[in-house]
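Peer 1: In case you want the letters, here they are:
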Amino acid sequence: MTRITSIRGSLSRFALVSLATVLPATTPQAAETIKVGVLHSLSGTMAISETTLKDTMLMLIEEQNKKGGLLGKKLEAVVVDPASNWPLFAEKARELLSKEKVAAIFGCWTSVSRKSVLPVIEELNGLLFYPVQYEGEESSRNVFYTGAAPNQQAIPAVDYLMNDLKVQRWVLAGTDYVYPRTTNKILEAYLKSKGVKPKDIMINYTPFGHSDWQSIVAEIKKFGSTGKKTAVVSTINGDANVPFYKELGNQGIAADKLPVVAFSVGEEELSGIDTKPLVGHLAAWNYFMSVDTPENVDFIKKWQTFIKSTKRVTNDPMEAHYIGFNMWVKAVEKAGSTATDAVEKAMIGTEFPNLTGGIAKMNKAHHLSKPVLIGEIQEDGQFQTVWQTKGLVDGDAWSDFLPESKAIVADWTPPINCGNYNTKTKKCSGQKY
Amino acid sequence: MASRVAASGHTMKSEPRIGTKEADILMYRMTFSRFPASVGGRCTSPPPRRRSWGLGIWIIIGCLLIPALVRAEPESTAFVNALSRLKDAPTADLPEAIERLATVDDPRVLAALNALLENRLYVVKASGRIVSGTTTGDGFDLTDLESGQSGGSAGRFDIKKIAINNTLRNAVKRLIARRELGAEDAGQRLQAVQALTEQADDESTSLLRARYPLEKDAAVRTAIGTALALADIGSADKATRLQAIRALEGNLDQQVRNKLAELVETREDGSFVEPDADVRNLAAAVNSNLELKLQLNHLAETLFFGLSLGAVLLLAAIGLAITFGVMGVINMAHGELMMLGAYTTYVVQLLMPEHLDWSLFVAIPAAFVLSGLVGIGIERGIIRFLYGRPLETLLATFGVSLFLQQVVRSIFSPLNRSVATPSWMSGSVEINGALSLTLNRFYIIVFGLLVFWALLAILKKTRLGLEVRAVAQNRSMAKAMGIRTDRVDAMTFGLGSGVAGVAGVALSQLTNVGPNLGQAYIVDSFMVVVFGGVGNLWGTLVGGMTLGVANKILEPFAGAVLAKILILIFIIVFIQKRPRGLFPQKGRAAEG
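Chains as they are written, first to last, in the working numbering: chain D, 1 to 433; chain F, 1 to 592.
These aren't lab readings, by the way, just hints derived from the structure by calculation.
Fair warning: there could be bad hints in the mix.
Derived lysine-lysine pairs resembling DSBU-like cross-links, with alpha carbons at most 30 angstroms apart [stated by the list, open to error]:
1. D/Lys228 / F/Lys87
2. D/Lys229 / F/Lys293
3. D/Lys199 / F/Lys293
4. F/Lys161 / D/Lys229
5. D/Lys276 / F/Lys87
6. D/Lys302 / F/Lys238
Here are some chain F residues pointing at chain D (derived, C-beta under 10 angstroms) [what the hints assert, rightly or not]:
7. Thr77
8. Asn81
9. Ser84
10. Leu404
11. Gln406
12. Ser413
13. Asn474
14. Arg475
15. Ser476
This structure is a prediction, so every number in the text was calculated from the model and none was measured.
Even glycine gets a Cβ: it sits at the ideal position worked out from N, Cα and C.
Please put together the full structure from these sequences, using the hints given.
Peer 2: Set out below in structure tokens:
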């Protein structure tokens, strides 16, 4: 907040800043609120997933206010709509930080939107809580990654398939953009390190919103019919999943013969699908709505009361926001202020219970420790946990399975204080993201 | 099968005949020969698998105590006991509890196993009874498995599901298949044989071997023969192996092909999987004979995929062929009119949840009328003021498309809606072991062609069609002849929009029903119309089918992304050479 005077500080912005400093004296009511930015698309293609997260944030903020707010002040949500338009994400982030002076931003879904917000957040020294599972290979001082890194979702899922289902042949199918490509790169390296031969790995990319899956599914079927147990690891994004699963069902690929484990299909996505042909297919997440813990039941009840519908489901990114927000509250209380630098320091080491059991802890690389769950899709659109990691898995920003990031670690505590520290050369590359 | 087993519980003495209850029972007893049918007798046979000591003691106690009680009413109690084990078993012991249940000779077992397989088996929390349940909106309708009677209803939190995973699902399938091997219905038997072939193990094989001489149905007999030959390939005797391969000659079934391909493979150390050269050579010969057949099948499959993609393109474009092709209006809201059709399907299904199978037949006319009316509204409200100004029309209709999207978002939420597929459209027909055609695609090809013919008939045979063609060819002359061009414009646009709505109904069966549905198809639609030749329905048909097949031929080599790009480049180049598309329209208006 103290570094508001931006590089491009124009006269009007200067006036605004001085106004902001004057405001507390004149209107005490405004001074009593701490602003929290909510940066989720409410229109466009991503509205499907992101609208729910906006509502989650409103619920969390309302709840915190009922408890008496934060540092004696009320919280105020500032909701903006970046409309699934990646450059607009950056603009809206700038607006939130320099105009609205929010203490923290909760937002973004796709990796490309996060990448577009990053320079702004770092320039204006803001805080971003990013709630979605992503491809890793990044750690910014100004971002807290409350979703899963690849080692908290993809790797354990592959381990499960390999060890429990004895899968020998692999189809890595994904939508053609950065998250699936990076994840599949990591998975390919991992599978090869486990002795899987290149001829037993098939990689396939499709465009966003792909709807004609006939020949790809036929190809997968052929690849999977050599007698060796085959599985599909799917990083297919949102919309394209419905026709994909429909085609699987129509071509008679049942889960017990050729299971599909998905990283982007959650309860919310399933609520728009006829789930009958999907029963038995898998998904890997850190949270399932069906997990029976008192915290989770409580959370679901609160959500359904807030949204006024017992039909609405909860999902993994919602849990990520729930943990992220509560951690931020704790950190602000600990730091006694909402100043970015103080909160950033206080965040590291903060603990908060996961909804699915265990205590999430914010690590030095700004990632969380979480349990990894594998669930089978049920007819009612819920997941039934069939496998779970023994304890919690610590989020690893830089994958150990890619040669280029093997030696790199992120550590935002002294003496390293770097998001991409090379343990071999003992240098911080200085590259920001 | 269920009731038959019960009825014939005491008719074991008579000669077993195929297809009769006795034969069924005999088959069934053989299935579980390790577990003699009477419950008391089970204690005398050793437990089939390694068991924990705790369970062992349990069994001993059970053997001491239960027989006396059981013999009074053996089958019934055994079933109840075995069933209640499911409830108490922790997940790790569930497989064993299920297998134990399957050994009980009771007609109700099959119902219980089927319920388990279909995720319908629940424990009532309050009473501890095991029931099968079907969802009814908020709660469940229960059926008591012991009595077979209705067990009332329960709320979501009153019952707990007995859940199984994929591994168990396979095991349950096998157990059911073993039981159904003696079913009266040949179709059921065939399914059972197929299930047992897929998950072959020694016990299933010996069951099939026993069934083979009894089986009278030709198809089932062939299937059993295949399964046994597959098993025989693993035999130690060379002659048996050779005979098995000969028996499998010409069979296109995937499993057969895998097995035969395996025989000629080498291991990592260079040694052959199949040690005997004669067997290897025979397998290789059989394999190479299949090659041509397989390639033909593959070609047929690609063609089918291509035609079905073409049919989708045709459906999406054919409405546009009217509005853009005949009227020359660049209608960017065309995709949204399809979206309205898809949402109509959703609403129709909401209104008639009991008759999902017939919902499409209601949705098609409803979507035609709705989209047609919206189209007429757009034409009367906006487009008619912009005739002759294509750029403005483009911008205005683009605005309309955004507006329609947002309207849908406000009414139905931005989330995708789930449209159910009628049962007659799900699944596929197997032509042979290497080729099966998906039903939904098949119907969409048929539907696309039907729409095409209907539209062609309207344009060629009706008065409206005549007027439409007249106005399209020479507006002022048509006007001079007394045709009300205003009305014709509105009707033509309404017709094109209505057809877009009908296409939306078809698309709802293939893709997401959401606010963005239209955007995904608008580019493709224009592509097809421009490629086929503006103003020519036949061009749209040929254009759509050509692009569909070309796309599917390219896809396996180039990947989905590159295939699309290549098609686009092809069209750009093509348009350079033939700016009017495949079938250019001839006429005075077309020149201008």
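Peer 1: Are the hints correct? Go through all of them and say.
Peer 2: Hint by hint, here is what the structure shows:
Proposed proximity of D/Lys228 and F/Lys87 is contradicted: the alpha carbons are some 34 angstroms apart, above 30 angstroms. With a CA separation close to 26 angstroms, the supplied pair D/Lys229 and F/Lys293 stays within the 30 angstroms bound. Only pairs whose Cα atoms come within 30 angstroms are accepted, and D/Lys199 paired with F/Lys293 is accepted, the gap being roughly 25 angstroms. About 28 angstroms separates the Cα atoms of F/Lys161 and D/Lys229, which keeps this hinted pair within 30 angstroms; it holds.
Note on D/Lys276 and F/Lys87: the hinted pairing holds, with a Cα-Cα distance of about 25 angstroms set against a maximum of 30 angstroms. The suggested pairing of D/Lys302 with F/Lys238 is violated, with an alpha-carbon distance near 69 angstroms, which exceeds 30 angstroms. Hint status for F/Thr77: violated, given a least beta-carbon distance of 31 angstroms to chain D, over 10 angstroms. Contact between F/Asn81 and chain D, as hinted, is not supported at the beta carbon level, the nearest pair being about 26 angstroms apart and thus beyond 10 angstroms.
A least Cβ separation of about 22 angstroms between F/Ser84 and chain D goes past the 10 angstroms threshold, and the interface hint is therefore violated. At about 14 angstroms, the closest approach between the beta carbon of F/Leu404 and any beta carbon in chain D exceeds 10 angstroms, and the interface hint on this residue is violated. Of the supplied interface hints, the one on F/Gln406 holds, with its beta-carbon coming within about 8 angstroms of a beta-carbon of chain D, less than 10 angstroms. Taking 10 angstroms as the C-beta contact cut-off toward chain D, the hint placing F/Ser413 at the interface holds, the least distance being around 8 angstroms.
A least Cβ separation of about 40 angstroms between F/Asn474 and chain D goes past the 10 angstroms threshold, and the interface hint is therefore violated. The closest approach between the C-beta of F/Arg475 and any C-beta of chain D is roughly 38 angstroms, which is over the 10 angstroms cut-off, so the hint fails. At about 43 angstroms, the closest approach between the beta carbon of F/Ser476 and any beta carbon in chain D exceeds 10 angstroms, and the interface hint on this residue is violated.
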